[in-house]
Amino acid sequence: MKAATSNRKYEPLSLLFAALGGVVLLFIIAPLISMFLNCSLPELAETAKDQEVRNSIWLTLWTSMAATALFAIAAIPFSYLLARKDFPLKGLISGIIDVPIVIPHPVAGIALLCVVSRGTFLGQMADKMGFSFVGSSVGIMLAMAFVSIPFLVNSARDGFAAVPVRLEKAALSLGASPLRVFFTISVPLASRSIVSGLILMWARGMSEFGAVLIIAYHPMITPVLIHERLGAFGLKYARPVAVLFVSICLIFFIILRLLVRGKDAAHR
Amino acid sequence: MLLTVRNISKAFSGFEIKDVSFDVQQGWYFVLLGASGVGKSLLLEIIAGLTRPDAGQISLNGKDITNEKIQKRKIGMVFQNNTLFPHMTVYDNIAYPLRSGYTKSQISKRVAQLAEDFGVTDLLNRKSQMLSGGESQRVSLARTVASKPDCLLLDEPICSLDATSRPQIRSLLRRINANGQTIIHVTHDYTEAVSLGTHIAVMERGIIAQAGKVEDIFQHPKSEFIARFIGIRNFFKGHLEKSHHQSGLKQFRTSSLDFSVLTDRLASNGFVCIRSEDVTIRNLDSMAKPTSARNNFEGTIVDIVRAGPGIEVIVDIDTDKSKLINKANSTPLEVAALISNESVKTLNLHCGKKVIVSFKASAVKYVEE
Numbered sequence: 001m002k003a004a005t006s007n008r009k010y011e012p013l014s015l016l017f018a019a020l021g022g023v024v025l026l027f028i029i030a031p032l033i034s035m036f037l038n039c040s041l042p043e044l045a046e047t048a049k050d051q052e053v054r055n056s057i058w059l060t061l062w063t064s065m066a067a068t069a070l071f072a073i074a075a076i077p078f079s080y081l082l083a084r085k086d087f088p089l090k091g092l093i094s095g096i097i098d099v100p101i102v103i104p105h106p107v108a109g110i111a112l113l114c115v116v117s118r119g120t121f122l123g124q125m126a127d128k129m130g131f132s133f134v135g136s137s138v139g140i141m142l143a144m145a146f147v148s149i150p151f152l153v154n155s156a157r158d159g160f161a162a163v164p165v166r167l168e169k170a171a172l173s174l175g176a177s178p179l180r181v182f183f184t185i186s187v188p189l190a191s192r193s194i195v196s197g198l199i200l201m202w203a204r205g206m207s208e209f210g211a212v213l214i215i216a217y218h219p220m221i222t223p224v225l226i227h228e229r230l231g232a233f234g235l236k237y238a239r240p241v242a243v244l245f246v247s248i249c250l251i252f253f254i255i256l257r258l259l260v261r262g263k264d265a266a267h268r
Numbered sequence: 001m002l003l004t005v006r007n008i009s010k011a012f013s014g015f016e017i018k019d020v021s022f023d024v025q026q027g028w029y030f031v032l033l034g035a036s037g038v039g040k041s042l043l044l045e046i047i048a049g050l051t052r053p054d055a056g057q058i059s060l061n062g063k064d065i066t067n068e069k070i071q072k073r074k075i076g077m078v079f080q081n082n083t084l085f086p087h088m089t090v091y092d093n094i095a096y097p098l099r100s101g102y103t104k105s106q107i108s109k110r111v112a113q114l115a116e117d118f119g120v121t122d123l124l125n126r127k128s129q130m131l132s133g134g135e136s137q138r139v140s141l142a143r144t145v146a147s148k149p150d151c152l153l154l155d156e157p158i159c160s161l162d163a164t165s166r167p168q169i170r171s172l173l174r175r176i177n178a179n180g181q182t183i184i185h186v187t188h189d190y191t192e193a194v195s196l197g198t199h200i201a202v203m204e205r206g207i208i209a210q211a212g213k214v215e216d217i218f219q220h221p222k223s224e225f226i227a228r229f230i231g232i233r234n235f236f237k238g239h240l241e242k243s244h245h246q247s248g249l250k251q252f253r254t255s256s257l258d259f260s261v262l263t264d265r266l267a268s269n270g271f272v273c274i275r276s277e278d279v280t281i282r283n284l285d286s287m288a289k290p291t292s293a294r295n296n297f298e299g300t301i302v303d304i305v306r307a308g309p310g311i312e313v314i315v316d317i318d319t320d321k322s323k324l325i326n327k328a329n330s331t332p333l334e335v336a337a338l339i340s341n342e343s344v345k346t347l348n349l350h351c352g353k354k355v356i357v358s359f360k361a362s363a364v365k366y367v368e369e
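Which chain is which? The protein sequence lines are F and D, in order.
Read left to right, the first sequence gives residues 1 to 268 (the working numbering).
Read left to right, the second sequence gives residues 1 to 369 (the working numbering).
These aren't lab readings, by the way, just hints derived from the structure by calculation.
It is possible that some hints are incorrect.
Simulated pairs of lysine-lysine, DSS-like, Cα-Cα distance not exceeding 25 Å [to be verified]:
{"hint": "1", "chain 1": "F", "residue 1": "K85", "chain 2": "D", "residue 2": "K69"}
{"hint": "2", "chain 1": "D", "residue 1": "K127", "chain 2": "D", "residue 2": "K69"}
{"hint": "3", "chain 1": "F", "residue 1": "K85", "chain 2": "D", "residue 2": "K72"}
{"hint": "4", "chain 1": "D", "residue 1": "K148", "chain 2": "D", "residue 2": "K72"}
{"hint": "5", "chain 1": "D", "residue 1": "K360", "chain 2": "D", "residue 2": "K289"}
{"hint": "6", "chain 1": "D", "residue 1": "K109", "chain 2": "D", "residue 2": "K148"}
Whole structure, please, built from the sequences with the hints as guidance.
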């Protein structure tokens, strides 16, 4: 009897869990849909023509991508080290990597400001070289990277950890240098996790508001612009910008996901 | 001496190899034979540099390589499990060790040659994940041989394969060795050791119990463990004659004796093995009684020893009175029979007594060299 009950297609417990899942899904989807539905097409078209909005979206896209690309150069080899080697204080270092996820983002902005503002050593160095971290795209990239780099490191580390060590050892025994093994065996085999970490880092950086607001109000990234329009003109003027920004982000996100999926299929 | 292993020790918790030493000369096919878990694979990993020994020294061509980096050792290893790079084609796998110091056309020429030698030409454009076990093993061998190692290490290269691809891989390994490639091959299967090895080292609980030429080990196992492990006390080298009848019954000729063997193998040089459990002993007066055993020899008991639950009786076959082949070359030819204590009493067996040893042609296992 018991077996028959559990084999039934719609078990009461599963139905309950599905209903709870529906609540969660609705909670995510409903506000977004309502935002889209409350925004008329002419409104949207007009916003798309707004030079200030265009500039901010472009700025947000390229700074988040550049921040991801630049920090990946250091973060990916570091993730490999975390996955493969044992060293003193490894637990502490892994913990430090997660700190940006835990602290409130304005605090992250303030912490960054403490090392790059005009009065600091780095700030003065930048001054001499003719630029400033505060209120510039460089500052925006720093703030974005600070809050989003844990996503790349953690994902890449898990990816490297899943690469069988014996494949790397086999490559070494075929006479390849450790650097060649890293680039031809470890990175390609961990590529799925690395790319998914890159996408996460980029998406998280693009959606950052708190830390960027503190380090660079101007030039204005889109989340800051939305915040400003909401404060100055109200929901009616902030909403179309939000809809446009979310649409563009989703399009990028979906395209990247599809590209990664296609690459995986080719591997198989 | 090509490879010298001296006093290698390595301990893990609950597992160790102790003071292992052996030498391998250029061109040898050296088989490390032992039950699973005795440290054979660990020993290979130490030679290849994948694991550092706690103590001891390894030299290759007279150069100490104990602490040399893996990639600088000139030792190639084919692992027990598939280690083909899954994101590359068969071509790229075989070409992997060739990337530096070769032009593109040299690489493609060399890969084509290796692919032909190893019978994988049709597979070159396939992803390495799409291969069968036997195909993967051939590609792994081709890839490792491409790196031109001074010494080729094989970790159980055959046991994971299906029965149809085993003979192919064996003949491939023989060919590689015949081209002068020195090979160290780890296995738990004595038939592999017999059919491939020129030299054998038997490993037992982390030490090398005995090492030497194949015939020496099988005919004169140093300890009961070795005798039991290899399971074969009766082991003779010789030549399988061409059969004149249609049946599978063939003659196997050693320097001093002829055996009847039931096999479908063609005429060739090789070994015969007869398990001591399959050998029976009779008193001389029963010689006239008919029996289905094709091999009956008169001989003298030279030793009676306890062996596990039974008694092992060693009979020196009197080559003068049996089917004699070559008088001038006659050497003592001993056959071991494992019988019960009760039989020893009933037949009144004792050292010096003349008896008849018999075994069926089907009990004789022929292994091609």
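Okay, the hints, checked on the actual structure:
Straight-line distance between C-alpha atoms of K85 of chain F and K69 of chain D comes to about 17 Å, which keeps the hinted pair within the 25 Å bound. Taking the CA atoms of K127 of chain D and K69 of chain D, the gap is near 30 Å; set against the 25 Å cutoff, the hint is violated. Restraint check for K85 of chain F and K72 of chain D: satisfied, since their Cα atoms lie roughly 21 Å apart, inside the 25 Å limit. For the suggested pair K148 of chain D and K72 of chain D, the alpha carbons sit about 12 Å apart, so the restraint of at most 25 Å is met.
Taking the CA atoms of K360 of chain D and K289 of chain D, the gap is about 15 Å. The hint holds against a cut of 25 Å. This hinted pair checks out: K109 of chain D and K148 of chain D have alpha carbons roughly 15 Å apart, not beyond 25 Å.
The structure does not agree with numbered hint 2 stated previously, though it agrees with all others.
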